[in-house]
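Colleague: Each chain, written out:
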Amino acid sequence: MTPRNRFRWRVMRVLALCRWLRGGTVRALRLGAAAASSAPPSQVRQRLGPCRAVPCRAVPCHAIRGGNGLSSPVCALLQDSVTVEVLDHLERLALVDFRDAEGVERLREAVRFAERLREVNTEGIEPLDSVLEDRCLYLREDDVTEGNCTAELLKNAREKVEEYFVAPPGNIPLPELEERDTFLKGS
Amino acid sequence: MESLGVAAKWRRPGVRCGAGTGREDGRSGVRRRGVGRHAARFSAPAALKEGQITPTELCQRCLALVRSTQFLNAYITVAEETALKQAEESEKRYQRGQPLGELDGIPIAVKDNFNTAGIETTCASNMLKGYISPYNATVVQKLLDQGAVLLGKTNLDEFAMGSGSTDGVFGPVRNPWSYSRQYKEKSIPRSDSEPENSNWVIAGGSSGGSAAAVSAFTCFAALGSDTGGSTRNPAAHCGVVGLKPTYGLISRHGLIPLVNSMDVPGILTRCVDDAAVVLGSLAGHDPKDSTTVQDIFQPFALPTLTDVSKLSIGIPKEYHVPGLSSEILAVWSKAADLFKNAGAKVVEVSLPHTHYSIVCYHVLCTAEVASNMARFDGLEYGHRSDMSKSTESMYAATRREGFSDVVRGRILSGNYFLLKQNYEDYFVKAQKVRRLIANDFVKVFGSGIDILLTPITLSDAIPYVEFIKEDNRTRSTQDDILTQAANMAGLPAVNVPTALSERGLPIGLQFIGRSFQEKQLLTVAKWFEKQVQFPMIQLEEVKKHDDGVLQHQKSASFS
Chain A
1 MTPRNRFRWR
11 VMRVLALCRW
21 LRGGTVRALR
31 LGAAAASSAP
41 PSQVRQRLGP
51 CRAVPCRAVP
61 CHAIRGGNGL
71 SSPVCALLQD
81 SVTVEVLDHL
91 ERLALVDFRD
101 AEGVERLREA
111 VRFAERLREV
121 NTEGIEPLDS
131 VLEDRCLYLR
141 EDDVTEGNCT
151 AELLKNAREK
161 VEEYFVAPPG
171 NIPLPELEER
181 DTFLKGS
Chain B
1 MESLGVAAKW
11 RRPGVRCGAG
21 TGREDGRSGV
31 RRRGVGRHAA
41 RFSAPAALKE
51 GQITPTELCQ
61 RCLALVRSTQ
71 FLNAYITVAE
81 ETALKQAEES
91 EKRYQRGQPL
101 GELDGIPIAV
111 KDNFNTAGIE
121 TTCASNMLKG
131 YISPYNATVV
141 QKLLDQGAVL
151 LGKTNLDEFA
161 MGSGSTDGVF
171 GPVRNPWSYS
181 RQYKEKSIPR
191 SDSEPENSNW
201 VIAGGSSGGS
211 AAAVSAFTCF
221 AALGSDTGGS
231 TRNPAAHCGV
241 VGLKPTYGLI
251 SRHGLIPLVN
261 SMDVPGILTR
271 CVDDAAVVLG
281 SLAGHDPKDS
291 TTVQDIFQPF
301 ALPTLTDVSK
311 LSIGIPKEYH
321 VPGLSSEILA
331 VWSKAADLFK
341 NAGAKVVEVS
351 LPHTHYSIVC
361 YHVLCTAEVA
371 SNMARFDGLE
381 YGHRSDMSKS
391 TESMYAATRR
401 EGFSDVVRGR
411 ILSGNYFLLK
421 QNYEDYFVKA
431 QKVRRLIAND
441 FVKVFGSGID
451 ILLTPITLSD
461 AIPYVEFIKE
471 DNRTRSTQDD
481 ILTQAANMAG
491 LPAVNVPTAL
501 SERGLPIGLQ
511 FIGRSFQEKQ
521 LLTVAKWFEK
531 QVQFPMIQLE
541 EVKKHDDGVL
551 QHQKSASFS
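Protein sequences appear in the order of chains A and B.
Residues in the first sequence are numbered consecutively from 1, following my numbering.
Residues in the second sequence are numbered consecutively from 1, following my numbering.
Hints were generated in silico from the structure; no laboratory data involved.
Be a bit skeptical, because a hint or two may be false.
Said to hold, decoys possible - PhoX-like, lysine-lysine: derived pairs with alpha carbons at most 20 Å apart:
#1 B/Lys-334 with B/Lys-345
#2 B/Lys-310 with B/Lys-340
#3 B/Lys-334 with B/Lys-317
#4 B/Lys-530 with B/Lys-310
#5 A/Lys-160 with B/Lys-340
#6 B/Lys-85 with B/Lys-142
#7 B/Lys-142 with B/Lys-288
#8 A/Lys-160 with B/Lys-310
#9 A/Lys-155 with B/Lys-129
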């Protein structure tokens, strides 16, 4: 693989990871972009179920821009853990903005409230994903039973061309904090 | 555009549809045998079969009631044309003597987070305004296959996040009991005789619209969703039966998800028998929802329990939470005594991790919400921003414009808890605490307890002006405290309206049963319902449109 292709492959993988995190299932945008996951769609769907929550396990820690001194473990003290860097990172991950100081305070309250969990002794307890964990997740036959409803599905999209959903150009990251229109700017 | 035109017509149910406000030909309309509360719907199929009323007339009556109770804001979309069409088809089936079942011709309402083909589904959010779903949710399809008449989509908190039905973009839902004679009589007289300006109380949430719709007699049953108590809470405040089935019993396909591991479709009806009938048509495996269990479900008719001596009722002491009003406590104690005096074994039990369940729920809920709300990016459906510099900025702008503060707050909190550095401390920890909570229930039911009896709300419905003084998260934290443990453990639970408070508003009590034992749960609930004789709401609007329906009402033996 040439260096340029290797770079492109790496960028595609990161984008794919981000898309996978956000979407929870594979969404094949017909834009000529790389496949959003290495697993074929049917396998991913069966592994995840129709709408299972996908935890953001894959967010690399170094993605938090710690250029301004976020060197210590972030969850040390509550006040320290909700820094501007973390808030910026959350805005990028969630693609949702804090809007105002109230939004940030809401997050702090939520985190403060969640701190109570530390009081519980969970030594030796396994996490519970689903109350149906004792049952086998079954697989149905890999038969196509429905589909051919392109026109119906496209009805709800605002921008489309022929049978394609139209998206603005991809591979462009969200602007940096200083260039973004966000409440956090200048914090 | 055709769909726009139809949607606009639906939103404003001012279209005349004929029969209107009452019968001119002297027939008494739907006669309900027994107290309306008992046989609210059971007589309706009988009346339909015997031709006392036709499905079209019933539908028109309900639509007229919907129009005259518009101030409740219970409905977002009223599907008049399709409802009347469905009613006409039902009428043809009755004329042939071939009704599809008990629900044939029965008007129902559906919460607006269930997908309904051809009818706008908004989740009370700007993000999905104008979204016309291409398919029916499984539960909606099942009801329609039984011949039910879908009147419309009911109001809710935005994306079902909230406990008051006050945070949707279409405005808050008003509790029909605010306009009842019982409440008005107990209210402090005000200088303005109309209470609607400031004295009306919340309907509870997030399925407040569905509960209000059923409570105001605009429909016979309604679908809600229950993630942390969203069906049972408004049921308690509106004085109707709210059933949360076991997780995995009813399909969630088509229910716009909030928390995949806790959501269930909820059933709201005026009596326990009706809830059992609706459950019978909805429950069962769905190949489109892999979280439904594959066990064969047998619909059941509820036996009339006469002897409760073999029953063991558990009273969890941790549910006596700070903030529980003395009225609710008194009603709870009286209910326990009722069972004791009838010969049942009433035992105090302990669910030690109850205090942490709301925290655990808070973390898990926001985490799953962060994931589930990720699908709303404007590309394939829903609101789309005009921003077109890049995909990411378009997504960000769309979500900025489409989501309210409450939703955004939960998404951001959820993403925080799922950050790599926080994942173990919050998300996994909460999952472990969830297992502890679920195990508490397993232990209690394993020790011979059949049903748990608990309060369901901290007090009766509070006035809207007071409710909005605290923010959504605080309110949810307070109001979900008694209900969400059942969601965490996936257990069935039902609210049974029990008594009226001093202010003339409904108070309900909750029964929690074992997994997949809805029959036992509802049997006990039915017995209890018969004992307490909860009074019927006395609404002027209902009297106008249903002459002869509300034959008599019994006073609550608990007040």
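Colleague: Now, for every hint given, state plainly whether the structure supports it.
Modeller: Right, here's what the structure says about each hint:
Annotation: proposed proximity of B/Lys-334 to B/Lys-345 holds, straight-line Cα distance about 15 Å (limit 20 Å). Under the criterion of a C-alpha separation no larger than 20 Å, the hint pairing B/Lys-310 with B/Lys-340 is consistent with the structure, at around 11 Å. Straight-line distance between C-alpha atoms of B/Lys-334 and B/Lys-317 comes to about 15 Å, which keeps the hinted pair within the 20 Å bound. Taking the CA atoms of B/Lys-530 and B/Lys-310, the gap is near 18 Å; set against the 20 Å cutoff, the hint holds.
Proposed proximity of A/Lys-160 and B/Lys-340 is contradicted: the alpha carbons are some 66 Å apart, above 20 Å. Among the hinted pairs, B/Lys-85 with B/Lys-142 is consistent with the structure: their alpha-carbon atoms are about 18 Å apart, no more than 20 Å. Taking the CA atoms of B/Lys-142 and B/Lys-288, the gap is about 13 Å. The hint holds against a cut of 20 Å. As the CA atoms of A/Lys-160 and B/Lys-310 are separated by approximately 64 Å, the hinted pair breaks the 20 Å bound.
For the given pair, A/Lys-155 sits about 14 Å from B/Lys-129 by alpha-carbon distance, which is consistent with the 20 Å threshold.
Checked against the numbered hints above, the structure breaks hints 5, 8 and satisfies the rest.
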